[in-house]
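Number of protein chains: 2
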Amino acid sequence: MRIGIIGAGSVGGTLGRRWAALGHQVTFGIRHASEGASAVKGDGPLPAGSSVALPLEAVTNAEVVVLATPWAAVPAVLEGIAPALDGKPLLDATNPLVAGFAIDPALTGDDERGRRTISAAERIQSLVPRARVVKVFNTTGFDNMRDPIYPAGPLTMFYAGDDPAAKAVARALAADLGFDPVDAGPLSRARELEHLALLWISLAFGGMGRDIGFRLERR
Amino acid sequence: MRIGIIGAGSVGGTLGRRWAALGHQVTFGIRHASEGASAVKGDGPLPAGSSVALPLEAVTNAEVVVLATPWAAVPAVLEGIAPALDGKPLLDATNPLVAGFAIDPALTGDDERGRRTISAAERIQSLVPRARVVKVFNTTGFDNMRDPIYPAGPLTMFYAGDDPAAKAVARALAADLGFDPVDAGPLSRARELEHLALLWISLAFGGMGRDIGFRLERR
Chain U
1 MRIGIIGAGS
11 VGGTLGRRWA
21 ALGHQVTFGI
31 RHASEGASAV
41 KGDGPLPAGS
51 SVALPLEAVT
61 NAEVVVLATP
71 WAAVPAVLEG
81 IAPALDGKPL
91 LDATNPLVAG
101 FAIDPALTGD
111 DERGRRTISA
121 AERIQSLVPR
131 ARVVKVFNTT
141 GFDNMRDPIY
151 PAGPLTMFYA
161 GDDPAAKAVA
171 RALAADLGFD
181 PVDAGPLSRA
191 RELEHLALLW
201 ISLAFGGMGR
211 DIGFRLERR
Chain R
1 MRIGIIGAGS
11 VGGTLGRRWA
21 ALGHQVTFGI
31 RHASEGASAV
41 KGDGPLPAGS
51 SVALPLEAVT
61 NAEVVVLATP
71 WAAVPAVLEG
81 IAPALDGKPL
91 LDATNPLVAG
101 FAIDPALTGD
111 DERGRRTISA
121 AERIQSLVPR
131 ARVVKVFNTT
141 GFDNMRDPIY
151 PAGPLTMFYA
161 GDDPAAKAVA
171 RALAADLGFD
181 PVDAGPLSRA
191 RELEHLALLW
201 ISLAFGGMGR
211 DIGFRLERR
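As you go down the protein sequences, you meet chains U and R in turn. Following our numbering, the numbering of the first sequence begins with 1 at its first residue and continues without gaps. Following our numbering, the numbering of the second sequence begins with 1 at its first residue and continues without gaps.
Some hints here could point you the wrong way.
Not everything, but these chain U residues come out facing chain R in the computed CB check (under 7 angstroms) [to be verified]:
1. Tyr150
2. Arg189
3. Glu192
4. His195
5. Phe214
6. Arg215
7. Leu216
8. Arg218
Which chain R residues face chain U? A few, computed with CB under 10 angstroms, are given here [claimed, not checked]:
9. Gly9
10. Asp110
11. Ala152
12. His195
13. Leu196
14. Ile212
15. Leu216
16. Glu217
17. Arg219
It should be emphasised that the hints constitute simulated quantities derived from the structure, not laboratory data. In this text, a Cβ means the ideal position worked out from N, Cα and C, and glycines have one as well.
Please put together the full structure from these sequences, using the hints given.
Spelled out as structure tokens, the structure:
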């Protein structure tokens with residue numbers, strides 16, 4: 001697939017490098033063209049099949065877009081690429097964290113169900129209503145995206161969204177990396193996935209280190 | 001240990017029956033003395049080492065108390081047993097759910113960190129400030145409490161609290177059942193564990209069934 005990745009940090013860089021190595025055509029959106037490939041985190045030169053471009057160009061040429069920027073950057077980033085997102089799957093890997101490993105209080109407000117905290121993914125969907133948002137790639141660290149295989153088997157990658165076709169893309173791209181993809185339901189379930197990310201982060205940085213991850217077991 | 005269990009439904013009944021079978025002394029708090037042992041869910045007669053009593057009596061005689069009632073019943077239940085909770089570990093297995101598999105909007109409000117959703121466990125701690133609340137036994141189904149062993153190994157039981165001694169009790173009682181106990185940090189992390197429960201519930205009732213559970217993997 002032609003994949004546009006917005007955010008070339010540890011998560012975006014790792015995902016894009018792996019997909020490119022698997023044969024996908026990856027374009028990393030970077031803020032300043034002058035930075036070139038050095039703007040993309042990760043070891044060594046960019047793999048064949050990947051390149052850099054300004055964000056709008058990266059999205060325009062893509063069949064699917066991955067959003068992997070810091071949460072604070074999201075509104076400005078979306079404003080810049082919104083015209084090219086219409087109808088495209090937008091895979092939201094962000095986590096709406098503020099200092100103290102807490103959910104951004106700006107996501108708490110009143111709606112028809114009363115006062116509650118909505119997800120970053122729902123907020124993103126409201127900012128780009130014509131994109132087909134799927135929450136995915138937010139519940140584990142970039143090291144696990146590089147290698148999701150643990151002694152007990154592959155880690156689980158949960159995804160949540162309202163558009164079946166966009167969810168199928170998320171599922172396939174997660175499986176390509178070696179994850180066990182699990183459908184967590186509609187986009188409103190992104191709230192649980194963002195709290196799961198917070199649990200991962202608090203465990204990893206609370207002393208367990210980054211070589212941990214979740215598996216959903218069945219029997 | 002002498003364990004008082006408030007709430008004799010599927011979760012309380014399963015936990016108490018298993019602990020009693022393992023040699024703990026279990027008292028189930030039931031609402032009406034006339035119901036007797038029939039008030040405790042589960043198969044067959046109560047195991048040796050377990051009995052029923054009114055809630056206040058069950059708590060008075062206990063070294064550790066497990067709260068496993070429906071969320072809506074919590075305030076009235078706590079009011080009835082509060083005098084006997086001072087200094088005791090209170091293991092909070094509740095989940096603050098309302099219709100539509102959503103977190104109770106009454107838990108969303110303003111505090112020093114802004115508007116946010118607090119956990120049921122923190123609300124419970126504020127209602128009984130002299131108990132030592134630990135969030136635990138809320139992130140999986142009662143079937144998994146009966147048998148937490150999956151092909152990949154034992155399911156993980158996360159716990160969160162502010163009192164180290166009370167957390168050690170939670171950890172030991174989870175390990176007794178066969179779970180892999182994992183310390184998820186201070187009581188404020190109960191928010192993540194309650195969302196993890198919501199993820200389990202939405203997956204189980206969304207089509208996967210109850211024979212699923214979470215494992216935290218390490219490598």
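Hint check:
1. Tyr150: Constraint on U/Tyr150 satisfied, holds at 4 angstroms.
2. Arg189: holds, 6 angstroms
3. Glu192: holds, 4 angstroms
4. His195: holds, 3 angstroms
5. Phe214: Check passed: Cβ of U/Phe214 comes within 6 angstroms of chain R, closer than 7 angstroms.
6. Arg215: holds, 5 angstroms
7. Leu216: Constraint on U/Leu216 satisfied, holds at 6 angstroms.
8. Arg218: holds, 5 angstroms
9. Gly9: violated, 23 angstroms
10. Asp110: holds, 9 angstroms
11. Ala152: holds, 4 angstroms
12. His195: Where the cut-off is 10 angstroms and the nearest Cβ of chain U is about 3 angstroms from R/His195, the hint holds.
13. Leu196: holds, 6 angstroms
14. Ile212: Check passed: Cβ of R/Ile212 comes within 5 angstroms of chain U, closer than 10 angstroms.
15. Leu216: Because about 6 angstroms separates R/Leu216 from the closest Cβ in chain U, which is inside the 10 angstroms limit, the hint holds.
16. Glu217: This hint holds: R/Glu217 lies near chain U, its Cβ roughly 4 angstroms from the closest one there, short of 10 angstroms.
17. Arg219: With a minimum Cβ separation of about 5 angstroms from chain U (threshold 10 angstroms), the hint on R/Arg219 holds.
Hint compliance for this structure: hint 9 alone is broken.
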